[in-house]
Amino acid sequence: MPAVTVTGKARIVLGVEATTEEGVIKEMIRLLAGCPEVRDLQGLQRAVLARQKLQTPLLGNGVALPHARTAAVTEIVMAIGRCPEPVAFGPDKTPVRLVFLYGVPAHCISEYLAAVAQLARALKKAGTIEALLAAPDEARFRKVLQ
Amino acid sequence: MRRLVRLRIWLGERIAGNELRATLLWAAVIGLLGAWTSIGFKEATEWLHGLCTGHHTQNHSGFVAGFAAMPWWRRILVPLGGGLLAGLTLFYGRRIKRRTNTTDYMEAVVVGDGNLSVRSSLVKCASAWFSASTGASIGREGPMVLLSALAASVLGRWLKFPLARKRQLVACGAAAGIASAYNAPVSGAFFVAEIVLGSLAMEAFGPLVVASVVATLATRSYFGGEAMYLAPVFTLHQNRELLPYLVLGLLCGAAAPLFLGFLKWSEVGFGRLKLPDWARLALGGLVVGLLAAGYPEVTGNGRSLVFSILHYGGTWQALAAILVFKVIATGATFGSGAVGGVFTPTLCTGAGLGYLFGVAAVALFPGWHLEPGAFGLVGMGAFLAAATGAPVMAIIMLFELTLNYQILIPVMLASVMGYYMCRSLTTRSLYKDALARKGAAAVAQHLATLKVGDLMHPDTGTISPLASFREIARRFLTCSHDFLHVVDGERFVGAISLHDIKSYLEHPELESLVISQDVMRDDHPSLRPQMSLAQALDFFSSAESERLPVIDEHASFLGVVTKNDVLLFLAGKPRSLA
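Chains as they are written, first to last, in numbering that gives the first Met the number 0: chain P, 0 to 145; chain F, 0 to 577.
Hints are computed from structural coordinates only; laboratory data are not their basis. It is possible that part of the hints are untrue.
Once the Cα atoms are required to be at most 20 Å apart in a straight line, the calculated SDA-like pairs of lysine to any residue come out as [what the hints assert, rightly or not]: (1) K123/P <-> E505/F; (2) K142/P <-> Q54/P; (3) K124/P <-> H506/F.
Bound-form chain P, shown alone:
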């Protein structure tokens, strides 16, 4: 699945209510409820939280990319969240405002790397993160991402 399609189909919440790392991840997972590609929502949650304990994927500039490869999904799924206030992520309590959560099927290694690499490159472009933080609504947010 092309990376653009992944972000294009992502579920987005612009006002994450949770204030802890685990709470944010659980809230993102709930966004994916009802997705046909998600076979087991709880399984996905467990996998992401377990992965998060091994290493906290942080892109820098307040962006986190929690994810997991799991049989709980049949295709790459994404949930994107914007926190009104920074939330501490990882052992260093890095402040994070943008969370891009991935669920990746076990066999989609190349597709996963392609999606993550493209998203990371896009987010590294000057002004992208600021634009995402300032987007007034979901439509504008999606436009910045694409």
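Position chain F against the provided structure of chain P, taking the given hints into account.
Below, chain F without anything else, positioned relative to chain P:
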């Protein structure tokens, strides 16, 4: 026992390191062991021969004199009794055999795992001892080579040598045995290289040379360094004299298939009688005894007969009769299943054939100063080359047996002619017969019985599941593998394929985002140490990787096996360690 274990550890630590250096050192050790076992076997046969015949040989000169000194009825009884004892040894020995390891050193080296069965080998050697000591027309080199190879196999197992080294050192044991038996270091190395290994590459040939040389030096220090067959002085007066030697070579090449065919026919014939071992070998001994009653020259391996042929003073008719009876005696001994070698009887047949041809040549070309004894010498080489299918070894052996350089040119010519003539008539040879029978069956057997654990070795391409993407990239750039095995502590959890990630190795943005666990394949195939090689090949045929992890029932990572490891082993080639 503790001291032995400490000695073993001490030896293992001292010798560890460079594989070739270690192999050469152990080859020298095995050369010594081979010499001692050969000396021991020779002395044991001399002693038993003395006990049975009441005649002790002088300077280990052969058994014919002892038989000639006996009355006719004793000449029948001694081989008959020896055959009976040899047969009983085999008969009861088969009952105590437990393991399925081979007793054939050729099979152990070429298609096996370097393990020779100790019990079965000792039973065979004991049987050979009875046969050889009591006049059976068979060589002693067979059991001497087996004992030497057995010593190497036991040493290899005791010190837990890797498979390739064990096989190589069993080959060294065989070379040491031949070198000791014939006082011929070069022939020992060439025999094993040419016939058994089929390779003169230095990785294989070097250790054989070391083992042969050490064995020869040790044997000479005990028996002395004289040539085995002190030949008459030979001089090539004119080049035209090479023509009859060329013809002799062709004649030997034509006769060798008949000789081999006769041995085979005798074996089949005895087999059809469906006798138990003891009766079959006793019958073989009886045939030898009956022949020996009139012609004691037919007894023994033929060494003293060769000597007397080379310095013969009798009529050609008498020699022809002795030659025919000697071949029959050899056929009876070999066909009855007596354990021993056919090498020396083959040399003897060639010497007789060559001498008789020489008599004819002298009669046809009286002005050419030909010597029948010289034809006897050349006949030995040509017949041996044809029968064994190893002309290089035969040429070198003739030189080492006689230390007569002048004879080399006619021997080389006749041996090569004999070899080609024989090959044009038959594909059978003394040793390749046994290998051909066993070859395909042995490969199939070893595919089924040898285990992955026997070929497994440590892996240089493992990585932690928490390793960063940068670390993954660095490992792939520095190692030559297409897959990295992900090992969590001691557990194998998956493998990272270079193909999956190669397009992203230069992406710095992934460095902080991805770890090994994110990109590994957790359905990567793995082997178990108890799997057979046939099962391993099945896995390799469907796997993308040429290198598969070996894990136990708890998924503990034990090592790796490559497809090359399996294929090279089955092809009989030693594996070079990384």
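Structure-based check of all given hints:
| no. | hint | result |
| --- | --- | --- |
| 1 | K123/P <-> E505/F | holds (16 Å) |
| 2 | K142/P <-> Q54/P | violated (30 Å) |
| 3 | K124/P <-> H506/F | holds (15 Å) |
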